[in-house]
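S.K.: Protein chains in written order, with full-length UniProt numbering: chain C, 1 to 296; chain V, 1 to 296; chain L, 1 to 296; chain U, 1 to 296; chain S, 1 to 296; chain Y, 1 to 296.
Mixed in with the good hints, there may be bad ones.
Copies of one chain are not kept apart here, so a pair can be met inside one copy or by any two copies together.
[Unchecked claim] Within a straight-line C-alpha distance of at most 30 Å, the following computed DSSO-like cross-link-like pairs (lysine-lysine) qualify:
| id | residue 1 | residue 2 |
| --- | --- | --- |
| 1 | Lys150 | Lys233 |
| 2 | Lys150 | Lys113 |
| 3 | Lys113 | Lys233 |
Simulated from the structure, these hints should not be mistaken for laboratory data.
Number of protein chains: 6
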Amino acid sequence: MIAHPPQFRPEDTTLTPSTPPVLADHELHRLLAEDTPFGDLTTDSLGISAHPGTIRFFARDPMVVCGVEEAVRLFALCGAQVRLLVPSGAVVPTETLLLEATGSAGALHRGWKTAQTLVEWCSGIATSAAAIVAAARRGDPGALVAGTRKNVPGNRALAAKGFRAGGAVMHRLGLSETLLVFAEHRLFLGAEPPARTLARLRGQCPEKRVVVEVHGLQEALVWAGADVLQLEKCTPQTVAEVVAALAAAGSTALVAAAGGINARNAEDYARAGARLLVTTAPHLAAPRDVQVRFER
Amino acid sequence: MIAHPPQFRPEDTTLTPSTPPVLADHELHRLLAEDTPFGDLTTDSLGISAHPGTIRFFARDPMVVCGVEEAVRLFALCGAQVRLLVPSGAVVPTETLLLEATGSAGALHRGWKTAQTLVEWCSGIATSAAAIVAAARRGDPGALVAGTRKNVPGNRALAAKGFRAGGAVMHRLGLSETLLVFAEHRLFLGAEPPARTLARLRGQCPEKRVVVEVHGLQEALVWAGADVLQLEKCTPQTVAEVVAALAAAGSTALVAAAGGINARNAEDYARAGARLLVTTAPHLAAPRDVQVRFER
Amino acid sequence: MIAHPPQFRPEDTTLTPSTPPVLADHELHRLLAEDTPFGDLTTDSLGISAHPGTIRFFARDPMVVCGVEEAVRLFALCGAQVRLLVPSGAVVPTETLLLEATGSAGALHRGWKTAQTLVEWCSGIATSAAAIVAAARRGDPGALVAGTRKNVPGNRALAAKGFRAGGAVMHRLGLSETLLVFAEHRLFLGAEPPARTLARLRGQCPEKRVVVEVHGLQEALVWAGADVLQLEKCTPQTVAEVVAALAAAGSTALVAAAGGINARNAEDYARAGARLLVTTAPHLAAPRDVQVRFER
Amino acid sequence: MIAHPPQFRPEDTTLTPSTPPVLADHELHRLLAEDTPFGDLTTDSLGISAHPGTIRFFARDPMVVCGVEEAVRLFALCGAQVRLLVPSGAVVPTETLLLEATGSAGALHRGWKTAQTLVEWCSGIATSAAAIVAAARRGDPGALVAGTRKNVPGNRALAAKGFRAGGAVMHRLGLSETLLVFAEHRLFLGAEPPARTLARLRGQCPEKRVVVEVHGLQEALVWAGADVLQLEKCTPQTVAEVVAALAAAGSTALVAAAGGINARNAEDYARAGARLLVTTAPHLAAPRDVQVRFER
Amino acid sequence: MIAHPPQFRPEDTTLTPSTPPVLADHELHRLLAEDTPFGDLTTDSLGISAHPGTIRFFARDPMVVCGVEEAVRLFALCGAQVRLLVPSGAVVPTETLLLEATGSAGALHRGWKTAQTLVEWCSGIATSAAAIVAAARRGDPGALVAGTRKNVPGNRALAAKGFRAGGAVMHRLGLSETLLVFAEHRLFLGAEPPARTLARLRGQCPEKRVVVEVHGLQEALVWAGADVLQLEKCTPQTVAEVVAALAAAGSTALVAAAGGINARNAEDYARAGARLLVTTAPHLAAPRDVQVRFER
Amino acid sequence: MIAHPPQFRPEDTTLTPSTPPVLADHELHRLLAEDTPFGDLTTDSLGISAHPGTIRFFARDPMVVCGVEEAVRLFALCGAQVRLLVPSGAVVPTETLLLEATGSAGALHRGWKTAQTLVEWCSGIATSAAAIVAAARRGDPGALVAGTRKNVPGNRALAAKGFRAGGAVMHRLGLSETLLVFAEHRLFLGAEPPARTLARLRGQCPEKRVVVEVHGLQEALVWAGADVLQLEKCTPQTVAEVVAALAAAGSTALVAAAGGINARNAEDYARAGARLLVTTAPHLAAPRDVQVRFER
């Protein structure tokens, strides 16, 4: 027989997060269904599904918190009452209580790992982004860190939330809304002079800045008329040379550095004059550990 | 005006992958829509969308290939003709051509990064899994490596494909289909003797093995009647002690090691007697670089 | 860092609409995601997302209100508290307050245009439908106005709500549930006598009325045995002639007029004897302006 | 004009079920949309949609209740206030009140048949499963009844809930998580000796039991090394012979009986020594009648 | 390592069914994912996934075939080449070959049960419907059999296909498109005279027939002005009395019988004068067995 | 019995459009399902579903064609063979053949109205946009026309395609990717000087242009430091005054005009110096008629 845990009231999440999750309920249900398509065999077979309990998430390491609003909603959808103590974006020391959920053991076990993994993964991105931001600001207080669109497949919304929670911005959200000219575009342009290409783009898209990816000083000077020059896989030294050469040439192009940027080298790139540090590193950051404690 | 690239025939993918993608078309379209919800602004504004071209994916580093079937289908959905040269699971040296797609620049640019990121990420998992498998086999040719369900949120299908491509298996696919008793379950059991708990589970689920997570020798002996004892965050030395103690106690329980397993320590764990190495590491592995070359 | 607006409680919409929206939450989320897939760049960059405020929707022009239940739910899904003052179907003068939402500036800005556009568009349909209904009733108090299925692609649910809010009915909701014989069907019937065709349809579908589309008096008399004769693109004069001829022939067929029906000619068609005025016009009606006022 | 029923507050379902439905809201909306894509023509045309009323579901026959949590949520999504009186898994006599919903006639009529059909169908499965369980236990108090995956297309979640509500377990939830070797697999194995096949499977999947389907005594002895022998379409007498022969051969394989198991023969199979009775019968069980009473 | 079965070409299904499936690809993928979310453990672990083979579906019993178009597409989506031999609606004797699919063992095993269960279930509906149609025609060659909307939750499209394949029609497809007045509606009408109710409905919905459900002779006479009188749970004798009484009263209402109609009593109901036999029975019909044969 | 039309081969669309549709197959199926959830009652009841035929779409009026790629795919999904003659973006005179589909009458009737309505609606947007573009260019050959995001709810992809087919661009695709400061934002900024606000935005988003909406000359001068000044609901005369005043003040801000822009006034606005004409008008444009001709 199916047990009778306390009343299920998804609407009763009386202490809920400060902002809506970036994943809608049907997307959160998809995460739950991926893990528990047809019930929790262990919990049900043990006959403990209806036992009341509490689960608490603590930061095991210092971290920039992210994804807790989604975690709270996941537990609510499992039938638990949830309380959020720290919002995404907060910088917390080890042992900080992030959230707690009270409900049946069935509800708590169902939401546990899905919620934990999500918070750990998002907080890993946020913490990594924050470290790169801090490093960049040591090099130049006005430098910005921008996340690439090379997120894990299908996870752009959570990844963007993570970057922002860490104080970074998003470089571009996709192909539909920005002008970023790669060599792989220029291949199809034939011998068109760069000035002509830039003029055409500005004519077509006067509300957009024109970003051009270049691979070194020579290309940078060729495309000095762009609004932003994105230096791909250049050393900080090359960045500094490009910045100087552009200034000498009277270019007002903003210099962005991309390719291999991380917390160890961000300070150097910022000091070299890169106004924008475009990074993929947080997408690949190690998750930050969340400690989970159950109480009966 | 909208340009007129060569005929779009998603059905014409004349050289397609050897197995269906693990993501269905509507899921692949979701990946494309995440990146390009409303057209490719740069390619269209440059006026090159209809120019014919070819894109090729090469392994930049040695890798266990994974995700190429999905990449091929992504390009096909963008309107390109695609040829797959190497299936998922293949071990390839640097510079290996993985796939090539021919079509309009619009089609190629639209599929490019989504396909590349997917292959890089999946191949990262596969290559990492393969390295752990190789290490484990050095310790014990019969040892198995099993992936946890702590995948990046929502990506279980691709992650499982990655583990398998690397020669690993999946530990459990979710809560619905396996018995894995955590301390967090036992908290709700009160003073029930372990033998009674095991008997109840076997009575309920005679077709399942009973796996119990324990944290050291003492707990292992308490639960020696389980089918599998999963040692969480124990050293290889502790594993060896548990294996010996279980043997001495006449237990036939299989020993699995979990928590912090990676390519550096897998050999030790296997040699210590862990028959199954349960690992999260490949979920977090660095992607393997794919080099992309366009040709006009 | 991410700001901390007041508590998010989608369940707290304490003054909610009188009937459920015709779009489910996951469909409303799709509308929001179309506009704001990854956060509100302007509001967040200005640093005002957490500031509390109120938004109010007023009818700028007189209108038959429609879509406000969906608007209320949209704001609730964005995290605001919402109060509905006027339900769909109400006829309101200019300056009428329709709804108000209170919450963070982030929530209000996120829901604003999606909700406003939806109410404007639905109210445009409702107001147009109501005008045609009023005109038709001037011609014949018993005349009915029926909306076609030529709605904007994918918007049948909202469109049907709009027609009904304006006092019209739906002609047919699709191909699965009504018998409407076009010339394009008869083309495939060969030389079968109309009486035989009608008898076959009645034999197959005794619970349905048989509607036949005809293009003039001659065809109308050929198909006088139908339950409903739909006169396509005939003048009111032709409608009157058909009505008279059918009466003379003893036909009990109901006459419906279709093709080009609008508020300017509906009275004439109704007076000519068309019992049902089948119209596409409201699908194409200009939206009714909603004035939006923010308050801090 | 659209009528004004009492306030819609899906969040107000103040007396909700004890466990979350196994179908998420977007899946329940899909059921509602299948039945009422564009409003309730009869109720609306009668002009009664806003009239307040109450609907009650009673067990017309004795039954094991199932699906009531989903029914409650369906009514809530239609805008009614709902009270659940009996949870899934309860065994109730005729005339038992299961749930009641209060709201507008529009809300009640919209949810009525979808909710009723769901409860009747799920309770049919649960009641049938319970009958087979009872029969099996008469034959052997330790026998288990397990449901096959031959559910009605697309309804595995509800079907699994039904089996469990009736006291049965699920045999396997699909192909991804269990080892069940059919003759249709062995066809591709060539002349490999069974012991070798079993060893390979155990080497690959040490956490899984190996189940082999056989069709009689001879095959059973060939595969006596399996963990579970599933006897397909054998008589109880054959089952008994196999059990005896396996014991004589020193096999510890568990015997499961499958194919044609139902409440009439389950006792015989259990008594014959089948530890597990694998059955499709509840998937096809006649729904249990739910009596619906409206009150104004 | 992942094996390399023959080339996957979903587009290559060179011998495909005569009509599109009623389920779209993403819906068929949902069925496959329900059964095999993350690969086929048995087939893969046996190492036979890439072995070529053929699967054939045969009618084990005589049946009205249904669902084979969906089955063919399921196998194609799994990567097999498929040939359809008999379309839905065909009446076939035992041993008839319905379809055959050729491909890797992995593809065939993945599609097998999902496809087989679907064909068996749909053919069960079709065969049951055909039997009721045949019985009804023995009673009255012009009688029609109509399926109710009490289908298994969420399966209306397949169920409707099954009824039609068996020669029946659908009574109503849902609440949005037909007028069917239950006592549960009339409860809210107060003391309004039936003639007034009917007149209002006809005024509102002149293109619809008005169907009224009644429970006996007395109610039938009260509502004799309806277009269709649906006699709920009356005996054939009562049906005959109602038909006679209506004729005597000059009513032209069509009489439909509903409630408990099946192949055993349909002839009696038709002979009694029910022009339409409304039945739920095929929704609950036993599936028709499909025999599956693999060949290497 | 179900009829047997010619072989269904969705993959066989041998003459397919030049670019993939902007709606994926599952989205096109949603359009079809909205219209024909459970089969085509009229065509099936007439018994003509399997008859072969051809359907052709012609431009009834001159138009800028749009949506034909989606129409072609809709017919293919219905089982027809389709040939596209004119791509989206082409300017065609009356009577131009746009596409033709060959198949069963069932396939053709199912796709007919959904495809026709889509082409008519999209071509209405494209033609309207093209007219505004032509008018703007008469005023200033370098002026651009940009579509707002006030599309019909849920139809942004088709609407954006329509604007582009007509030679316009999209102003912004949503809130996530552009900086557009409304008065409704500034309300929350308090007394912050505009220069400070602009500096903060540029500091946060150096890759974006800052657009500020103003309502007249005075506001324009206050925000003259923006990259783009969007003049809302100003007359051409006011636009000219703002352009002159900005030039006099040394501002390099681009002037965009928004609010009430259409084909009648676009020339004036462009001549007045608005470099960008932001318009909603095409979203509301009357569809362009498509003539449909069936042939047996």
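S.K.: Going through the numbered hints above, which ones does this structure break? Give me the numbers in ascending order.
M.R.: none
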